[in-house]
Structure formats: structure tokens, C-alpha cells
Amino acid sequence: MTATTTRGASASGEPNPSAGRSGRRSLRSGFGLRGPRHGRHSVSEDQLATLALPIGDDGVVIGVGADGRPAVLGINRPTPYDVVLIGGLWTAQVLALRTAATGARVAVETGRPQAWVQMVHAMGGGQNGLAVYEVGRVPPQGASAGTPVLVVRDCGMRPPRGRVTSGPWQSVLTLLPYLSPVAPRLVRQARLVGVQRISPDEAAELGRALSLPRGDMEALPTLADGFTLWCADRDRQYVMTQPTDAEIGLLGTPRRMD
361 MTATTTRGAS ASGEPNPSAG RSGRRSLRSG FGLRGPRHGR HSVSEDQLAT
411 LALPIGDDGV VIGVGADGRP AVLGINRPTP YDVVLIGGLW TAQVLALRTA
461 ATGARVAVET GRPQAWVQMV HAMGGGQNGL AVYEVGRVPP QGASAGTPVL
511 VVRDCGMRPP RGRVTSGPWQ SVLTLLPYLS PVAPRLVRQA RLVGVQRISP
561 DEAAELGRAL SLPRGDMEAL PTLADGFTLW CADRDRQYVM TQPTDAEIGL
611 LGTPRRMD
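Counting in the numbering used here, the sequence shown runs from 361 upward without gaps.
Keep in mind the hints are simulated off the structure, nothing from the lab. Positions of the beta carbon are idealized from the N, C-alpha and C atoms, including for glycine. A hint or two may mislead.
What follows is a list of derived Cβ distance ranges for each label pair [stated by the list, open to error]:
(1) S404 <-> A475: 52 to 62 Å
(2) S540 <-> G496: 12 to 22 Å
(3) R545 <-> E494: 19 to 29 Å
(4) E565 <-> G502: 44 to 54 Å
(5) P520 <-> G428: 24 to 34 Å
(6) G484 <-> E578: 40 to 50 Å
(7) R437 <-> Q478: 25 to 35 Å
(8) Q549 <-> S404: 47 to 57 Å
(9) G522 <-> P573: 17 to 27 Å
Sequences are here, hints too, so could you generate the full structure?
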């Protein structure tokens, strides 16, 4: 009988180490990438500083600042965050719409649900991140890092104390159409205050509460529709909210009056 050999074994029947190593090499070569092997895929150490990514703060783009750069508001936070907007319903609705687009849930507490119906229908009847409740009827939202929540309080000039307050991963935006008797208390409690066009008397009163420079107090009564002065601690920024085509189709053009 003629002896035969198989691949990987010697004529004596002993395993062939070199064949085994070759087999392992051929298997390993099929896993993963070997990395760039061409000059065009690499840069020198001096060129690393030129590489940059246009990434800003994490949050909701609320408009464009005076420098032409996007103004970003960090709504979803692990700590309580209260925002007061003295302005129009249009801006509050744009903020709610854009916050929901980030994956957060939005709960609207309002005495005028008809003003929010169109948004609810456009977003799938409340199944896709936005729900509307009567004043004082907002249930616990169960906010978490995976499902952050924004509560929008659209309750008129004298909003009652809310049953649902800000907390970890749950921010509260209170909309005031004008400066009201409860505004000083809400402004003191807020981490961020947005002010749109108001009367000269209101601007003077609010300027004292926020320690605004005279230039800002004089500018507030002249702000165009869509412009907001956002104040946080000692930081102030004028922002112009530019609606997308979809937002114009749903909410119309920017306006201060409702």
C-alpha cells in the first residue's frame, strides 16, 4: 500500500508546525483592518493642529447669536433647571418643538389647549413626545437620563405654583406674556431668563431685577419679532430665532403678540 500524506502532516504522520502557523496566519488575516498603508491617509505631527470638528455645546439650537454662530440651550440636564420666557407663544412653541426633536418628552400645562392642538396633531397625536394637560393636571413624568422631560407652563400672567417642578432630567419653562406681579419671584428662581419686546416701564423694572446695563434696558422695547435677550447669571446674549420651512408651515412666522 502506498503511503499518502495530508496537508499539515509529514510523511511520518507528525503534524507540520510550519503548516499550522501558515494556517493561523491565513485565518488571522481575514479579521479587522490593517490600517492606512498609503501616504494620503496620514498626516504629519505638525498638521494635526489643523484638524477640527465643528461641534458646539450639546442642546437645542434656539437661534443665531450676534456673532452669527448657533446659540445652543442645554435643556436636558441632570440637575433642576428653570427657565422663564417673558415673550410670545410662538417662541415657546418653537423651543418645545425643537426639544422634542432631540428625543425629549414635552409636557405642556396650559389654559389654552386650542393653541397647542395643531402641534399635537402634527407630532402624531401626542404619541411622539408632546402631550398637553390642563392647568394643575400634569402627572408625574418619570424623567430620566434616557427619557428627559421639558415641562412648558403656559398658564397666563399669574401661573399657579406647579405640581410638577424641575428636577433631575426635568426642566421647566414658564411662559409669561408680559411682566406680571409674580414675575420677580419666578425670575429670582430661574437659572435662565429670556426677554422679548416689552414696554419701557417693564424694561426698567426688569432691568433692576436682572441688573441689566442701561443699553439693554433701552434696547428691550425696540426688539424685533423673533429676537430674545437671554440672561443667565452675568451672561447676556441676544438671539434671533430663525424658523425652518417646516416650522413656518406649522407655526407661522416669528411674532411677539399672540
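Taking the hints in turn, this is what the structure says about them:
no.	hint	result
1	S404 <-> A475: 52 to 62 Å	59 Å, holds
2	S540 <-> G496: 12 to 22 Å	18 Å, holds
3	R545 <-> E494: 19 to 29 Å	23 Å, holds
4	E565 <-> G502: 44 to 54 Å	38 Å, violated
5	P520 <-> G428: 24 to 34 Å	41 Å, violated
6	G484 <-> E578: 40 to 50 Å	45 Å, holds
7	R437 <-> Q478: 25 to 35 Å	29 Å, holds
8	Q549 <-> S404: 47 to 57 Å	54 Å, holds
9	G522 <-> P573: 17 to 27 Å	32 Å, violated
Taken one by one, the earlier hints fail for this structure at numbers 4, 5 and 9, listed in ascending order.
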